[in-house]
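Read off the chains here:
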Amino acid sequence: MTETMATNGTTTGSRGSRVLGAATLLGLATLLLFAFGLTEADIRLHPTTGEEIGQFDAVRLLYLHVPLAVFTYVAFVLCAFASAGYLIRRTPWFDTMAHAAAEVGTVFCGLVLVTGSIWGRPVWNTWWEWGDVRLMTTLVLFLMFTGYLALRRATVDPRAAARRGAVVALVAVLDLPLVNRSVEWWENRTLHQKSTLGELKIQDLTLFTLMLGFLVFGLVLAWLLLHRFRVGWLEREDAEHGIAADIAERRAAIDEGDVDAAVGEGT
Amino acid sequence: MTHLGYLIAGWGIALGTFAVYALSVVRRGRDLARRVPAERSRWLTAPGADAGNRG
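Chains as they are written, first to last, in the numbering used here: chain A, 1 to 267; chain B, 1 to 55.
Rather than coming from a laboratory, the hints here were simulated on the basis of the structure.
For every residue, glycine included, the Cβ atom is placed at its ideal position computed from N, Cα and C.
Check the hints yourself; a few may be wrong.
If you want the ones that stay clear, here's a sample from chain A, every Cβ over 12 Å from chain B, calculated [stated by the list, open to error]:
#: 1; residue: T11
#: 2; residue: F36
#: 3; residue: G50
#: 4; residue: F56
#: 5; residue: V59
#: 6; residue: L151
#: 7; residue: D238
#: 8; residue: E240
#: 9; residue: R251
Here are the simulated distance ranges between beta carbons [said to hold, decoys possible]:
#: 10; chain 1: A; residue 1: A252; chain 2: B; residue 2: A19; range: 17 to 27 Å
#: 11; chain 1: A; residue 1: L207; chain 2: B; residue 2: E39; range: 46 to 56 Å
#: 12; chain 1: A; residue 1: L151; chain 2: B; residue 2: P37; range: 40 to 50 Å
#: 13; chain 1: B; residue 1: P37; chain 2: A; residue 2: R250; range: 17 to 27 Å
#: 14; chain 1: A; residue 1: K194; chain 2: B; residue 2: A38; range: 45 to 55 Å
#: 15; chain 1: A; residue 1: G242; chain 2: B; residue 2: L15; range: 51 to 61 Å
#: 16; chain 1: A; residue 1: T48; chain 2: B; residue 2: V20; range: 41 to 51 Å
#: 17; chain 1: A; residue 1: I202; chain 2: B; residue 2: P37; range: 48 to 58 Å
#: 18; chain 1: A; residue 1: F208; chain 2: B; residue 2: E39; range: 39 to 49 Å
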């Protein structure tokens, strides 16, 4: 497995990641075709007045927004599992995976907030609603994982960064059930509707395009995670290799009797 | 098509952000891959194999 994941030494790409990347780009092109070319706008007639109602073409933003939201959950849950794994096993694999999932998940979460806001303006007539429980719990989630990334960057000792990060991730992920269930638990305090997927309120091409969106953004997440994990692994190796090379250089200087070089003077 | 500006903004920001982020990750990987010796460029090891050696 190690060999199949290895690269040619100059990139973090491998044959597998290139196939995944090509499938992702092809999927994105297909999704755009379905989202903009093949599906209809959401236009219905009011039962009594006969007036046209619905989301009109703004519904096309949901093929993006909903999959992004679901894969935000996936990334943060993965981060939490990897963080728990790190606290139990203390291996770099878990820590590198947790850090990668947190960073990619934060990008997804930020885009959920932005695309939701852009969708909300034409459909709800507002960019943001401070009293909406789902919006606020999602914003809190985003801020907590932004804090996780800042904490990791600010902590110099990598072991302390990994340990503290793992604890923060396990606390932050507790917000996920609140985000997900908020429309059920506080249904009067949110503009969001309950899940339309569970009750199959959408059908045919609309449902197919939404499912395609899930597949495509799942591929996007997988590709980004794979590369971000490899970058994290290389960062760790680079730091350790740099220290090891430094020590070797100074030992060599001592052997040669060059005390100034060994203690770092004049270098 | 209605709401064209919102559609372009929503999809454009999302796809643009992913493109920029993906490029930055690939570029960071390239820089690091040049610096790290090939024998240390392992991406996955069995969890626990080097427990205790690293944080």
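Evaluation of the provided hints:
With a minimum CB-CB distance of about 5 Å to chain B, T11(A) fails to clear the 12 Å threshold, and the non-interface call is violated. Separation of F36(A) from chain B is inadequate, the least Cβ-Cβ distance of about 8 Å not exceeding the 12 Å criterion. Its beta-carbon lying about 19 Å from the closest one in chain B, G50(A) satisfies the requirement of being farther than 12 Å from that chain. The claim that F56(A) lies off the interface is violated: its Cβ sits roughly 4 Å from the closest Cβ of chain B, which falls inside the 12 Å cut-off.
Residue-level check failed: V59(A) sits 9 Å from the nearest beta carbon of chain B, not beyond 12 Å. The beta carbon of L151(A) sits about 15 Å from the closest Cβ of chain B, which is more than 12 Å, so the claim that it is off the interface holds. The claim that D238(A) is not at the interface with chain B is violated, since a C-beta of that chain comes within 12 Å of its own (minimum 5 Å). Not every CB of chain B lies more than 12 Å from the CB of E240(A), the least distance being 7 Å, so the non-interface label is violated.
At roughly 18 Å, the least C-beta separation between R251(A) and chain B is larger than 12 Å, which holds for a residue marked as non-interface. For the pair A252(A) and A19(B), the supplied restraint of 17 to 27 Å is violated, since their beta-carbon distance comes to about 45 Å. The hint said 46 to 56 Å for the Cβ distance between L207(A) and E39(B), and at roughly 50 Å that hint holds. Range check, L151(A) to P37(B): Cβ separation about 30 Å, and the 40 to 50 Å hint is violated.
Look at P37(B) against R250(A): about 19 Å separates their beta carbons, and that is inside 17 to 27 Å. For K194(A) and A38(B), the hinted distance range of 45 to 55 Å is satisfied, since their beta carbons lie about 53 Å from each other. A beta carbon spacing of about 36 Å between G242(A) and L15(B) contradicts the range 51 to 61 Å that was offered as a hint. Judged by the Cβ atoms, the range 41 to 51 Å given for T48(A) and V20(B) holds: they are separated by roughly 48 Å.
At about 53 Å, the beta-carbon gap between I202(A) and P37(B) stays in the expected band of 48 to 58 Å. Separation of F208(A) from E39(B) is about 48 Å and conforms to the stated range, judged on CB atoms against 39 to 49 Å.
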